[in-house]
Amino acid sequence: MNILKDNIKNNLKYGRDKLGHGFIIAVLIVSIMLSGCGSLNDYIDGYNNASSEGSSLNDNVELSHKSYQDSPYQVLSNNKPEFTKKQKRNTKVFEKYSRLDSLGRCGVAFANICQELMPDSERTGIGMIKPSGWQTAKYNGVVDGNYLYNRCHLIGFQLAGENANEKNLITGTRYMNVEGMLPFEDEVAAYVKKTDNHVLYRVTPVFKGKNLVAEGVKMEAYSVEDKGKGVCFNVFVYNVQPYITIDYANGNSRLSSDVKENGGSTDSKSKNANKNRKSTSKSTKYVINTNTGKFHLPSCSSVADTLAKNKKVFNGNREQLISDGYMPCKRCNP
1 MNILKDNIKN NLKYGRDKLG HGFIIAVLIV SIMLSGCGSL NDYIDGYNNA
51 SSEGSSLNDN VELSHKSYQD SPYQVLSNNK PEFTKKQKRN TKVFEKYSRL
101 DSLGRCGVAF ANICQELMPD SERTGIGMIK PSGWQTAKYN GVVDGNYLYN
151 RCHLIGFQLA GENANEKNLI TGTRYMNVEG MLPFEDEVAA YVKKTDNHVL
201 YRVTPVFKGK NLVAEGVKME AYSVEDKGKG VCFNVFVYNV QPYITIDYAN
251 GNSRLSSDVK ENGGSTDSKS KNANKNRKST SKSTKYVINT NTGKFHLPSC
301 SSVADTLAKN KKVFNGNREQ LISDGYMPCK RCNP
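Numbering (this note's numbering), first residue to last: 1 to 334.
Treat the hints as calculated values from the structure; they're not laboratory data.
Errors might be hidden in some of the hints.
[Stated by the list, open to error] Straight line, CA to CA, 25 Å or less: simulated BS3-like cross-link-like pairs of lysine-lysine:
#: 1; residue 1: 311; residue 2: 88
#: 2; residue 1: 130; residue 2: 208
#: 3; residue 1: 193; residue 2: 227
#: 4; residue 1: 330; residue 2: 193
#: 5; residue 1: 194; residue 2: 330
Sequences and hints are given; from them, build the entire structure.
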């Protein structure tokens with residue numbers, strides 16, 4: 001199979017940060033080279049640094065979608081984020097989102113995460129947002145929560161308080177959202193809350209050609225005051241879902257052939273999780289932490305640790321909560 005080279009130019013002109021200041025963002029050029037085995041090469045990020053030489057997402061390591069079975073993400077550049085020296089010294093708060101391109105796709109999201117940016121109001125529903133490639137696809141017993149796609153925040157709500165912002169939401173699998181992105185978001189949130197320091201945080205969705213669904217997202221973070229000792233990572237998180245085959249051109253999906261051949265079976269962990277989970281069709285009482293965007297059973301120990309102002313009681317089914325962008329607590333597994 002011949003190597004395909006697609007250059008995507010995402011115009012990022014004239015955005016607004018959370019403080020209301022106008023800014024001009026340089027053109028983001030994403031170059032993706034895919035071989036027959038699915039390698040992803042030559043990713044160039046010129047955000048706020050158009051004259052730079054850019055950075056290679058993957059020069060030597062194959063980023064095949066097959067590798068997600070081992071890990072939902074791949075470490076890039078020895079886990080070193082590619083911020084400039086000037087950016088690494090910045091302790092001023094900012095939050096910037098790219099303008100949607102002509103296909104309605106999100107671009108880079110960049111912020112200096114600090115307690116000033118973190119949410120001070122309850123999280124509301126985001127069901128009205130339809131990111132590029134959005135489909136309502138349901139696979140009972142195969143996908144956690146049954147629904148394949150989440151409206152994935154590029155910069156998590158718990159970090160910047162941006163909720164129903166179409167420039168910050170992409171069509172992402174449940175697996176990418178919970179297993180891939182969330183642990184890194186939690187790491188940043190915990191660090192900022194503990195130290196009151198700043199963390200440079202940049203998330204870039206990577207699209208191939210004119211596809212409406214991203215291949216994945218590049219996530220970079222760097223704690224400013226301690227020069228990366230507290231938080232420092234550079235990873236590519238795959239937008240994949242075990243046992244599901246996705247058409248990234250439009251978001252269509254189907255059960256993988258190996259699942260069909262085995263009668264729709266999944267791994268034992270998925271089986272047990274679904275076996276022990278309460279029926280999603282009946283109404284159940286949950287407690288939402290509007291700060292983290294997670295929902296819990298009322299008996300969960302995490303509920304006791306949640307500030308009263310961040311608690312919201314919900315009576316309904318978990319599918320509705322997941323559809324609205326909330327994530328189940330891993331401790332109580334509601």
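Okay, the hints, checked on the actual structure:
no.: 1; hint: 311 with 88; verdict: 35 Å, violated
no.: 2; hint: 130 with 208; verdict: 20 Å, holds
no.: 3; hint: 193 with 227; verdict: 17 Å, holds
no.: 4; hint: 330 with 193; verdict: 20 Å, holds
no.: 5; hint: 194 with 330; verdict: 22 Å, holds
Against the hints set out earlier in the document, a violation occurs for number 1 only.
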